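Model the full structure from these sequences, guided by the hints.
Okay, here's what each chain looks like letter by letter:
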Amino acid sequence: MAHIIEINNVTKTYGKHRGVDDISFAVEEGDIFAFLGPNGAGKSTAIRSMLGMLQYEGNIRILGMDARTQKTEILKEVGYMPSESMFYPTMKVKDVICFAADMHKKDCSEEAVRLCETLQVDTGKKIQELSLGNRKKVSIVCAMQHQPKLLILDEPTSGLDPLMQDSFFRLLQEANKKGTTCFLSSHVLSEVKKYCRNAAIIKEGKILKVDTVENLSRTNLRMVKVWKDGREEHFTHDGPISALIHKLSAMEPEDVLIEEPSLEEIFMQYYD
Amino acid sequence: MTLLKQEWKMNFKSLLIWTLCVGICCSGCILMFESLEDSMAEMGQMFAEMGSFSAAFGMDKMSIATLTGFYATEISIIFLLGGAMFAAMTGAVLLSKEEEGHTMEFLHTMPVSRSYIYLWKYVTLLLLIMVFNVVCIGLDVVAYVAIGEEITMAEFVEYHLLALVMQIEIGSICYLISAVCRHKQIGLALGIAVLFYVMDIMCNIMPDLEFLKYFTPYYYANAAQIYSGGDSRMGLMFLGLAVTVVVVILGGVVYHKRDMSA
Numbered sequence: 007m008a009h010i011i012e013i014n015n016v017t018k019t020y021g022k023h024r025g026v027d028d029i030s031f032a033v034e035e036g037d038i039f040a041f042l043g044p045n046g047a048g049k050s051t052a053i054r055s056m057l058g059m060l061q062y063e064g065n066i067r068i069l070g071m072d073a074r075t076q077k078t079e080i081l082k083e084v085g086y087m088p089s090e091s092m093f094y095p096t097m098k099v100k101d102v103i104c105f106a107a108d109m110h111k112k113d114c115s116e117e118a119v120r121l122c123e124t125l126q127v128d129t130g131k132k133i134q135e136l137s138l139g140n141r142k143k144v145s146i147v148c149a150m151q152h153q154p155k156l157l158i159l160d161e162p163t164s165g166l167d168p169l170m171q172d173s174f175f176r177l178l179q180e181a182n183k184k185g186t187t188c189f190l191s192s193h194v195l196s197e198v199k200k201y202c203r204n205a206a207i208i209k210e211g212k213i214l215k216v217d218t219v220e221n222l223s224r225t226n227l228r229m230v231k232v233w234k235d236g237r238e239e240h241f242t243h244d245g246p247i248s249a250l251i252h253k254l255s256a257m258e259p260e261d262v263l264i265e266e267p268s269l270e271e272i273f274m275q276y277y278d
Numbered sequence: 029m030t031l032l033k034q035e036w037k038m039n040f041k042s043l044l045i046w047t048l049c050v051g052i053c054c055s056g057c058i059l060m061f062e063s064l065e066d067s068m069a070e071m072g073q074m075f076a077e078m079g080s081f082s083a084a085f086g087m088d089k090m091s092i093a094t095l096t097g098f099y100a101t102e103i104s105i106i107f108l109l110g111g112a113m114f115a116a117m118t119g120a121v122l123l124s125k126e127e128e129g130h131t132m133e134f135l136h137t138m139p140v141s142r143s144y145i146y147l148w149k150y151v152t153l154l155l156l157i158m159v160f161n162v163v164c165i166g167l168d169v170v171a172y173v174a175i176g177e178e179i180t181m182a183e184f185v186e187y188h189l190l191a192l193v194m195q196i197e198i199g200s201i202c203y204l205i206s207a208v209c210r211h212k213q214i215g216l217a218l219g220i221a222v223l224f225y226v227m228d229i230m231c232n233i234m235p236d237l238e239f240l241k242y243f244t245p246y247y248y249a250n251a252a253q254i255y256s257g258g259d260s261r262m263g264l265m266f267l268g269l270a271v272t273v274v275v276v277i278l279g280g281v282v283y284h285k286r287d288m289s290a
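First to last, the protein sequences are chains A and B. When we follow the numbering used here, the leftmost residue of the first sequence carries the number 7, and every step to the right adds one. When we follow the numbering used here, the leftmost residue of the second sequence carries the number 29, and every step to the right adds one.
Think of the hints as simulated: they come from the structure by calculation, not from any bench. Take every hint as true, because none was put in to throw you off.
27 Å max Cα-Cα, derived DSS-like pairs, lysine-lysine:
{"#": "1", "chain 1": "A", "residue 1": "Lys111", "chain 2": "B", "residue 2": "Lys33"}
{"#": "2", "chain 1": "B", "residue 1": "Lys41", "chain 2": "A", "residue 2": "Lys132"}
{"#": "3", "chain 1": "A", "residue 1": "Lys131", "chain 2": "B", "residue 2": "Lys125"}
{"#": "4", "chain 1": "B", "residue 1": "Lys125", "chain 2": "A", "residue 2": "Lys100"}
{"#": "5", "chain 1": "B", "residue 1": "Lys125", "chain 2": "A", "residue 2": "Lys82"}
{"#": "6", "chain 1": "A", "residue 1": "Lys100", "chain 2": "B", "residue 2": "Lys37"}
{"#": "7", "chain 1": "A", "residue 1": "Lys112", "chain 2": "B", "residue 2": "Lys37"}
{"#": "8", "chain 1": "A", "residue 1": "Lys98", "chain 2": "B", "residue 2": "Lys125"}
Being a predicted model, the structure only gives us computed values, none of them experimental.
See below:
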């Protein structure tokens with residue numbers, strides 16, 4: 007399958023500060039790809055480099071085009087939703103949506119109406135009257151109304167209530183079924199496990215792992231609970247099971263419970 | 029064009045306020061002149077004999093006792109300062125407001141190049157300055173007609189053309205600042221507009237500081253000089269135009285290359 011995003015040896019520094027350090031990964035066409043990492047790991051720097059907002063070393067190709075020299079062509083086929091979702095405060099929602107459509111030189115009115123109805127966006131309000139969640143909804147409409155080939159979403163569900171998160175992911179899955187590739191950065195691991203097929207984990211500007219979400223969830227890590235002399239002890243074991251069995255037999259426990267860790271616990275290992 | 033329409037809408041209120049304030053002040057002064065004419069004759073004589081002070085405001089060249097003199101020495105200052113401040117403030121805000129207001133990510137992920145954004149915002153600046161000038165000049169003409177005075181057309185046109193070039197030069201310098209800075213530098217922009225005016229006064233008063241005429245655009249747009257038929261300052265206007273071209277290109281290069289903060 008063709009790669010819709012290819013990032014090769016990309017480095018970005020802000021003076022002495024690190025942004026991202028020699029990162030490389032690729033996203034396949036039609037994928038829903040998660041970009042995971044703690045705050046300050048370099049997720050937004052990587053995304054902004056992809057969108058041509060930052061100067062960087064290395065190569066980024068999006069939709070087969072060079073992100074440095076063919077930025078305008080790329081952005082015609084990309085829908086982007088920033089984490090902060092800020093718009094011109096004195097403008098009305100409908101004017102913001104219309105402005106975004108005009109900049110794409112497309113009549114997106116039908117799709118915009120559908121998205122606004124699904125997300126219950128009040129288009130008559132001014133941006134300054136909206137909460138973060140409602141600004142996020144406007145941002146979703148602006149990112150999706152021109153039916154892009156690639157959606158880049160930076161923490162898309164932060165600020166959305168659970169009902170809207172559900173509606174948003176339904177829209178995302180619909181678009182994905184129609185062929186849109188989705189690249190989203192997120193902290194919410196439950197939604198990554200539920201909706202994403204592949205993921206990359208970034209920490210301190212470096213990519214730690216790129217794999218399927220299923221493989222990332224599969225691990226030798228075990229959460230162990232041991233009872234001995236009326237006391238309960240917890241520990242984690244990462245390594246061959248035979249080593250755990252040796253360790254447990256040496257402890258001579260009264261009872262033992264060995265569990266697979268949750269996705270959150272697995273990712274916490276990478277985050278720590 | 030979409031960006032021009034958008035910026036026009038966003039700057040319309042500011043344009044309206046500045047245009048009406050400056051335009052009404054200038055035309056109001058023209059309308060008031062008739063009632064002030066008697067006292068102006070005495071005052072004009074007094075002002076003309078105040079040495080450096082008279083030179084600073086061009087009153088050594090023209091008498092404020094006549095409407096033309098009053099227009100060239102007093103009303104022109106309101107218009108030049110008001111216009112320069114409006115141009116400076118507008119120029120300083122157009123690009124940097126995107127980063128300060130965190131709307132940069134929205135605008136810069138539209139399928140347009142940075143050059144497109146830079147150029148159309150500059151076109152907006154030019155349009156706003158031109159509309160400001162057209163309305164203010166229109167109000168002046170209405171006031172002249174209302175009091176039945178004749179406009180000395182050649183000088184009037186030359187002065188307003190030079191004032192337009194001056195405003196564009198100051199607006200462009202501040203547009204460069206806007207391309208470089210991440211925050212709106214309104215204070216700095218207004219400071220620049222006033223500093224250039226002070227430089228003009230200083231080089232009119234002190235012969236040792238005459239070299240300042242190469243730095244301040246107020247010098248070539250000096251209405252008293254134009255109306256009194258003094259030496260042409262067109263050379264300095266062309267220098268001003270050259271500065272405008274250089275700062276606009278420089279701003280474009282910087283804006284094209286620099287990182288955008290969210």
